[in-house]
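Number of protein chains: 2
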Amino acid sequence: MKQFFHNPFLYSPLSLGAGNTITIHAPATVANMVCGFDVLGFAVNEPYDEMHFRLRDEPGVKIINLDEYNLPTDPEKNVAGAALLAMLEEVDEKTGVEVSICKKIKPGSGVGSSAASSAGAVVGLNHLLNNRFIKEDLVRFAMSGEKLASGVKHADNIAPCIYGGVTLIRSIFPLDIIPLAAPSLYVTIVHPQIEVRTSDARGILKQQVQLKDAIRQWGNIAGLVAGLLQNDHALIGRSLEDVLIEPVRSILIPGFDTIKQLSKEAGALGGGISGSGPSVFMLSKDENTAKQVEAAMHTVYNQLSLEHHTYVTTINQEGVRVLSPE
Amino acid sequence: MKQFFHNPFLYSPLSLGAGNTITIHAPATVANMVCGFDVLGFAVNEPYDEMHFRLRDEPGVKIINLDEYNLPTDPEKNVAGAALLAMLEEVDEKTGVEVSICKKIKPGSGVGSSAASSAGAVVGLNHLLNNRFIKEDLVRFAMSGEKLASGVKHADNIAPCIYGGVTLIRSIFPLDIIPLAAPSLYVTIVHPQIEVRTSDARGILKQQVQLKDAIRQWGNIAGLVAGLLQNDHALIGRSLEDVLIEPVRSILIPGFDTIKQLSKEAGALGGGISGSGPSVFMLSKDENTAKQVEAAMHTVYNQLSLEHHTYVTTINQEGVRVLSPE
Chain A
1 MKQFFHNPFL YSPLSLGAGN TITIHAPATV ANMVCGFDVL GFAVNEPYDE MHFRLRDEPG
61 VKIINLDEYN LPTDPEKNVA GAALLAMLEE VDEKTGVEVS ICKKIKPGSG VGSSAASSAG
121 AVVGLNHLLN NRFIKEDLVR FAMSGEKLAS GVKHADNIAP CIYGGVTLIR SIFPLDIIPL
181 AAPSLYVTIV HPQIEVRTSD ARGILKQQVQ LKDAIRQWGN IAGLVAGLLQ NDHALIGRSL
241 EDVLIEPVRS ILIPGFDTIK QLSKEAGALG GGISGSGPSV FMLSKDENTA KQVEAAMHTV
301 YNQLSLEHHT YVTTINQEGV RVLSPE
Chain B
1 MKQFFHNPFL YSPLSLGAGN TITIHAPATV ANMVCGFDVL GFAVNEPYDE MHFRLRDEPG
61 VKIINLDEYN LPTDPEKNVA GAALLAMLEE VDEKTGVEVS ICKKIKPGSG VGSSAASSAG
121 AVVGLNHLLN NRFIKEDLVR FAMSGEKLAS GVKHADNIAP CIYGGVTLIR SIFPLDIIPL
181 AAPSLYVTIV HPQIEVRTSD ARGILKQQVQ LKDAIRQWGN IAGLVAGLLQ NDHALIGRSL
241 EDVLIEPVRS ILIPGFDTIK QLSKEAGALG GGISGSGPSV FMLSKDENTA KQVEAAMHTV
301 YNQLSLEHHT YVTTINQEGV RVLSPE
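Order-wise, the sequence lines are chains A and B.
Using our numbering, you'd call the opening residue of the first sequence number 1 and step up by one each time.
Using our numbering, you'd call the opening residue of the second sequence number 1 and step up by one each time.
Please keep in mind that the hints were generated in silico from the structure rather than gathered at the bench.
The reader is advised that the hints may include incorrect statements.
Which copy? The list can't say, so a pair holds if one copy fits it or any two copies do.
Taking lysine to any residue pairs in the SDA-like style, the calculated list, with each CA pair at most 20 angstroms apart, reads [stated by the list, open to error]: (1) K106 - P59; (2) K206 - V243; (3) K212 - D176; (4) K212 - E241; (5) K212 - F173; (6) K212 - S171; (7) K206 - R216; (8) K106 - T310; (9) K212 - I177; (10) K212 - S199; (11) K264 - Q208; (12) K285 - I134; (13) K153 - S305; (14) K212 - V248.
Since this is a predicted model, take the numbers as computed values, not measurements.
Next up, chain A with everything else stripped away, as it sits in the complex (with noise of 0.2 angstroms):
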């Protein structure tokens, strides 16, 4: 059985029953969007995670890797696990799941990983239920898997995961998820293999800021949302900006600063530290600037000589995808 399913290529309606066996898709995700801290992120349609899930008649979950990351299938250490034994719960005592995950997005590069394989997680059993969760329910089964990966309770991987687009979190206590239309911009996001765990990015950070940079930052967050719903690119540009959190993390990825300023001159919008790094995120318009953006990014990268790779990639507007049964 495990064999099976180490080759989702073999799934078939008549060996499985269509109804119990489905894959999906879990996009990485940008939080923060540059001035939007903690309250703001945005899904990409590369890289994604793949998951493959099947209703067992036994509780719990048991979870396979089909990929090299060796990540823990204990459910309670993992937070894809964490996360469908949070939305179990509230199902009831019977139901069990089966998820077999291979992930494609490398855990650790600040583009949404564990965001991926809770939000991916619950989305797939949800299915499986008849979709009986709305997606506010959703995001609070996947915030338990990233309690389990930083330590704290946070919506701005998990929310654009599941929504899908630009997604603001107003608050999370109670838990208040604004999805912003956003217009059709391109992604390109490098990823210098560093590593930067987010509680050191999280712990540099000061705890008090000085009030007139907290007016700039949100005269910039309020610029940026007009900007997304007012089709305005040049607003976007303007507003990514951010006098607070930027100054203190760029510090830990090595040449952001020169990664910025050749991206802008190579006709990039703006953008900044995805989540809490390293990898760097800038939206463009087209791809084609999408594109010189990456080679700036190369350039940059390759003058270090620090192994990277990059995405160039377009926001993506439905969440995670449920496939068909195959």
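Given chain A's structure and the hints, the job is docking chain B onto it.
Leaving out everything else, chain B in the frame of chain A:
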């Protein structure tokens, strides 16, 4: 001649030349808009100041008061005068203007009385100069009046007074004003007859704030902008929350918490301190609710035996209104 200007109804195209004499209405404005401290503001249809202008052959600014407030007529000590002098510096050395001001917005009430004077002044003169300046220039000139009034160049009353509607001032240096298309909303304002000096209201603010409070604040301003642009009244209401400024400043306003509570019970979406107070504003979806909010405000201040004025009005969408020459 002075006597003539004291009665604006005597204006006549025959005696003064229709092209050279105009009347404007400069609306009151509500700055901050609860969670948008220093960056948001909106104009209302009542109250408004009335001002009359004519070009003079001699340079400089002549100010004539048509009201009972005994404001300085020395242009350098009058906010309208300071704004006009800043503007004339960029015109030529020969042009002069005479302005007769009938203030209906009580100075110190917290609904942009000084901004109405300075914004009205520059819009009026600009009209006589065949609108040679764009609105951003007018904001720049009018800020010289605000600097005289409060010691700080700020635009959160000036900008909505000139542009109308709800405006975001994303940045002062460089100036970046974004008009936000707002749904039609009713506004109830109560002005308790106490004095709150802008400088005092600024002085009691802490210059450092908790990062977690700042995050909550920028989640709210993002929600408010989204609510306005997406015409989502419930979201507007939820976002009208200020965890930083209101808790400090509201202690200067008698009965503030009760006003707010009873207004919400009467159906208001939400509201808070107008500018630096002492006026308090509440937003409502319809006129009937706005009047019930007014009744609640009367109840509170009558119980406190506090003299007060109320307005039930709507958001002013056009800003300073230039009337045809009479």
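For this session: Could you figure out if K264 and Q208 sit no more than 20 angstroms apart (CA to CA) within one copy, between two copies, both or neither?
Result: neither (31 angstroms within a copy, 32 angstroms between copies)
Problem set entry | Homomeric proximity label, K106 with T310: Cα distance no greater than 20 angstroms | The answer is within: 12 angstroms in one copy meets 20 angstroms, while 60 angstroms across copies does not.
For this session: At 20 angstroms max between alpha carbons, let me know whether K206 reaches V243 within a copy, between copies, both or neither.
Result: both (13 angstroms within a copy, 19 angstroms between copies)
Problem set entry | Alpha-carbon proximity between K212 and S171, which holds within one copy, between copies, both or neither at 20 angstroms | Classified as between; 12 angstroms across copies, 23 angstroms inside a copy.
Problem set entry | Within, between, both or neither: K212, F173 at alpha-carbon 20 angstroms | between (26 angstroms within a copy, 13 angstroms between copies)
Exercise. Are the CA atoms of K206 and R216 at most 20 angstroms apart within a copy, between copies, both, or neither?
Worked result: both (17 angstroms within a copy, 16 angstroms between copies)
For this session: Have a look at K212 and I177 and pick one of within, between, both or neither, based on CA distance no larger than 20 angstroms.
Result: between (27 angstroms within a copy, 18 angstroms between copies)
Problem set entry | Alpha-carbon proximity between K212 and S199, which holds within one copy, between copies, both or neither at 20 angstroms | between (27 angstroms within a copy, 16 angstroms between copies)
For this session: Classify it for me, K153 with S305: is the Cα-Cα distance of at most 20 angstroms met within a copy, between copies, both or neither?
Result: Neither way: K153 and S305 sit 36 angstroms apart in one copy and 48 angstroms across, limit 20 angstroms.
Exercise. Quick one: K285 to I134, C-alpha cut-off 20 angstroms, is that within a copy, between copies, both, or neither?
Worked result: neither (33 angstroms within a copy, 28 angstroms between copies)
For this session: Evaluate K212 and E241 at a C-alpha cut-off of 20 angstroms and name the case that applies: within, between, both or neither.
Result: Classified as both: same-chain Cα gap 14 angstroms, cross-chain 19 angstroms, threshold 20 angstroms.
Problem set entry | K212 and V248: within-copy, between-copy, both or neither at 20 angstroms Cα | Classified as both: same-chain Cα gap 17 angstroms, cross-chain 16 angstroms, threshold 20 angstroms.
Checked against the numbered hints above, the structure violates hints 1, 11, 12 and 13; every other hint is satisfied.
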